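Following the hints, complete the assembly by docking chains B and C onto the known chain A.
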Amino acid sequence: MATEQEVYHIAELADVGINTGELGTFTHQFNAILEYFDVLDRVSGDTAVTRDLCNVMREDETEPSLPREEVLRNVAAQEDGFIKAPRVM
Amino acid sequence: MAEGQVIVGLEVHCQLDTKSKLFCGCSTDYRADGPNTHVCPVCLGLPGTMPVLNKRAIEYAMRVAKALNCTVLQESEFSRKNYFYPDLDKAYQITQYDKPLAEGGYLEIEGDEGGEKRIRITRVHVEEDPGRLVHMGNAERGRYSLVDYNRAGIPLIEIVSEPDMRSPREARKFLNKLRATLEYLSVFDSEKEGSLRVDANISILGSERVEVKNITSYKGVEKALTFEITRQKSQLRRGQKVERETRHFLEARGVTQSSRSKEQEHDYRYFPEPDLRPLHVQSWVEGIVLPELPDARRERFIAQYGCSLNHARTLTGDLRLANFYEQVVRPDPAGLATLADTWISDTLIGELNYRDMSIDAVDPATFTGLIGLIREGVITDTSGIEVLRVMLDQHLNNQPCEKPLAIVDRLNLRKVSVTIPLGLGYEIDAKSGVEPSLTSQSNPILTAITEALTANPGAVEDFRKGKKGAFNFLVGQVMKKTRGCADPAEVNRLLAEELKKEA
Amino acid sequence: MGDNECCFEPEDRYNAFLTTCKKVTHGSGKLGGIAVAVKDNISTQGIETTCASKILKGYIPPYDAHVVQLLKGSGAAIVGKTNMDEFGMGTTTENSAFGPTLNPCDTGRVPGGSSGGSAAAIAGGMVRMALGTDTGGSIRCPAAFCGIVGLKPTYGRVSRYGLIAYANSLEQIGPMGRTVDDVSVLMQVIAGYDRRDSTSYDRPYAHTPCADIQGLRIGIPQEYFGSGVNPEVAAVVNKAVGRLEELGATTIPCSIPSMEYALAAYYVICTCEASSNLARFDGVRYGPAADAKKSWHEAYQEVRRANFGTEVRRRIMLGTFALSSGYYGKYYAKAQVARENVKKDFARVFADVDVIAGPTMPTVAFRLGEKSDPLSMYLTDILTVPVNLAGIPAISVPCGTAEGMPVGLQIMGRPWEDERVIDVAYAYEQGCI
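Residue numbers (the numbering used here), protein chains in the order written: chain A, 14 to 102; chain B, -17 to 485; chain C, 734 to 1166.
Misleading hints may appear alongside valid ones.
Simulated DEER-style distance windows between Cβ atoms [said to hold, decoys possible]:
1. C:Gly959 - B:Glu225: 55 to 63 Å
2. A:Thr75 - C:Ser761: 32 to 40 Å
3. C:Tyr1060 - B:Glu57: 18 to 26 Å
Among the chain A residues that face chain B by a calculated CB cut under 10 Å, a handful are [stated by the list, open to error]:
4. Asp28
5. Thr63
6. Cys67
7. Leu85
8. Asn87
9. Ile96
Simulated from the structure, these hints should not be mistaken for laboratory data.
Quick caveat: nothing in here was measured; it's all calculated off a predicted structure.
Note that CB positions come from ideal geometry on N, CA and C, so glycine has one too.
So that you can see chain A by itself, here it is in the shape it has in the complex:
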């Protein structure tokens, strides 16, 4: 079962964040669900063998790209055609 610390860590890893206020309830619910998942431990068998629909590919042909205004339409911040993002270290 996951501790509050582990649940907090997962929230960090998934970059969804978690408020300290929610942490207790979240952990409790999280663990109930994980416990429910334990039924899978008893499952045995093989995974699927690919029988149909493989090698789905297209020819190497070009198609028109989006006009840049369309690319940038939903973008919050841009500069000289580039999309602006927070700095990475």
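Coordinates of chains B and C only, in the frame set by chain A:
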């Protein structure tokens, strides 16, 4: 392995030269265009979009796998590599994880100890390139990043080697051989900026392994490895442990630097890409006809043109160079093979490198003409180099390009030599035929010899005393006086005679 | 107002719509002039598409989903985008960031989810047809709760290109309508191959429903009538099955033992896929802006914590956990094995029967706010998720009421036998007239 042995493995990423991207129809020809102009909903990762695999990328990758003697897997599939970074617009990269396209091959290189050495290939797989990040700003105004997704979705082939290399030199040779092979297969264009990226793993036997990322040039690989080995060895010498870590190569400074620790904690949470179907392409291997590869071409050059092993290696080590050579000798292979071999390997390559020029700058027919002049005796080797330099500089400086013979005549470089027995005072003009002239004094070589001997009594004295270099020095002085146009063999012969006379 | 323009200004008492298109153009064709609503996780060019989430507020797709192109090509009047559980995660449409949708049959109750808005729009008489999506029952559940018809097609029969992904290997876009006929006509328009969807099959649907079920063999799984199902609901569905027998079908008891772990497998797979699908929402290319003055990691987390609802964050975390180093074998890999067992179970049953019947949901629509515990909410999907795991077609058709609320009869069929599933539902529907 010896103690202190260097162990190197490489992961090489090359952009495959397809017309469209790996999972969408955007054109891959983005380098000349502005940011975010080769982007569509799919490669931008807009919600709801789905990838569709480019068949040619798989065909190209399979050519590589076959050329590297790998085994193509019966079933291979794509996986998601999940991590967050602004240049990765889906927050996952579609790559191949536990079921790559091919495994278990090798590439032969010239080992440090001489002779052929096999570098084993662990795996070959296909993946998409992320976008490109530019770091902006400064501490005062605030730092931020600018992203261009033109590169996002370009097909990459990743070739992973076993840690079989034992020096930066071997690593460079591996990389060069790999690059040449990929070019021979017509799947890769090494001239395209950023088309190749290398991650290197280095350790000293008995110590931890260090990964160096972000090496983007061939020279950079050797530099990075050399620096890293020195760094690791000096750590060990000081009694310190080498940390297992990831470092970045800073090309401009030639050093590696430790990456932020967050990198090491990456848990990529791989799982099979549910929007793509598996590949069953093992049966395609048989039908792949490989072109002549570097090793085979090297052997053919030795057999067909009489090239030395070293020259053959050099010439076939680059596709363009090999093609150039064969085009140059084509009008008369028997007559031109050896001359072209020497001239290209020993002279042209050096002159091109010095000017940072590509072999593409030289027209094969023109070059054939140039070495033809040398073969016919119109000019000496030395003059030939001078003409070549003029030709290359004209190209480099965007000046009108003259034909070799025009340069010869403009600079008055026609060969001067005596081709009939001494004493008769004949002077031969190699182009127009025999033109008898009257006295030996009008023989320019003899004139130059007389002047050189007069001007350098000390050297003559040294020669009498038996000093070895004196004769060659005097030959050099004579050559200088004739501005390289004299036939060196003639100069040697006549000078020796004159010195004998004076004795 | 031209001949191919109409007005759409419904009185939306149920909060069924997130966006309505006041002036709508339409063409001629199979759906010429018919008002169709589209669930808000399906991309519509030029029309805001939010998945009922704050993180996509204001997002205007520059492209149409394949099915939207097909709707337009058939002359349909696309009148608006319907409310849903955020990113499809929910069984009641209470997880919408823009308020829940109410059940037109009883506005104190949920309409079901996640396609609650589409169901309410139909049940509330605002549109005749709508597109929904079904990942674990999200078309069938609201169809059952609101007393309308909803079909989840065979996986791969309808293109997912343009469907904002929640769980790629489980979901399908499907038709919803008042009658089986309407659902069938809509299916004719949206089914078929799309080269932009690599999981798409070339299986168009050109069927007209037929009410003859003489000789049909119907499997009745014991797990669908067990203790977890409300007895009144079970009774109503049993009666409906009886009606099918009167129409010429025979029933055969059967069992699907893998149902024991089907729900767990479903929730592992969908949360894993979702955790990856939703990672792209970072406020850089669309959605509420990331704070460019912060560092990447800080800004990213902030945008997501503020704009993803609790259930979405929970499922992302579950999926991240299940895929994380060391846990892949225990969860994701096991879930795939479980999934294969479910497929095999259905295949085995279908050797002896032509369709399988049972209740769509274990209860009727709950009251708003009634289910607050996530696990107890997940458990209500128990009768719908096996179908998604197996990729088979299934329909929910209204078959009576319990506690005064609609009950849905679920008919499941072999892969690619969507036509037969439609026919059985049609036969029942016509048989009640």
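Outcome of the hint check:
no. : hint                            : result
1   : C:Gly959 - B:Glu225: 55 to 63 Å : holds, 59 Å
2   : A:Thr75 - C:Ser761: 32 to 40 Å  : holds, 34 Å
3   : C:Tyr1060 - B:Glu57: 18 to 26 Å : holds, 25 Å
4   : Asp28                           : holds, 6 Å
5   : Thr63                           : holds, 5 Å
6   : Cys67                           : holds, 5 Å
7   : Leu85                           : holds, 7 Å
8   : Asn87                           : holds, 9 Å
9   : Ile96                           : holds, 5 Å
Violated hints are absent here; each numbered hint is respected by the structure.
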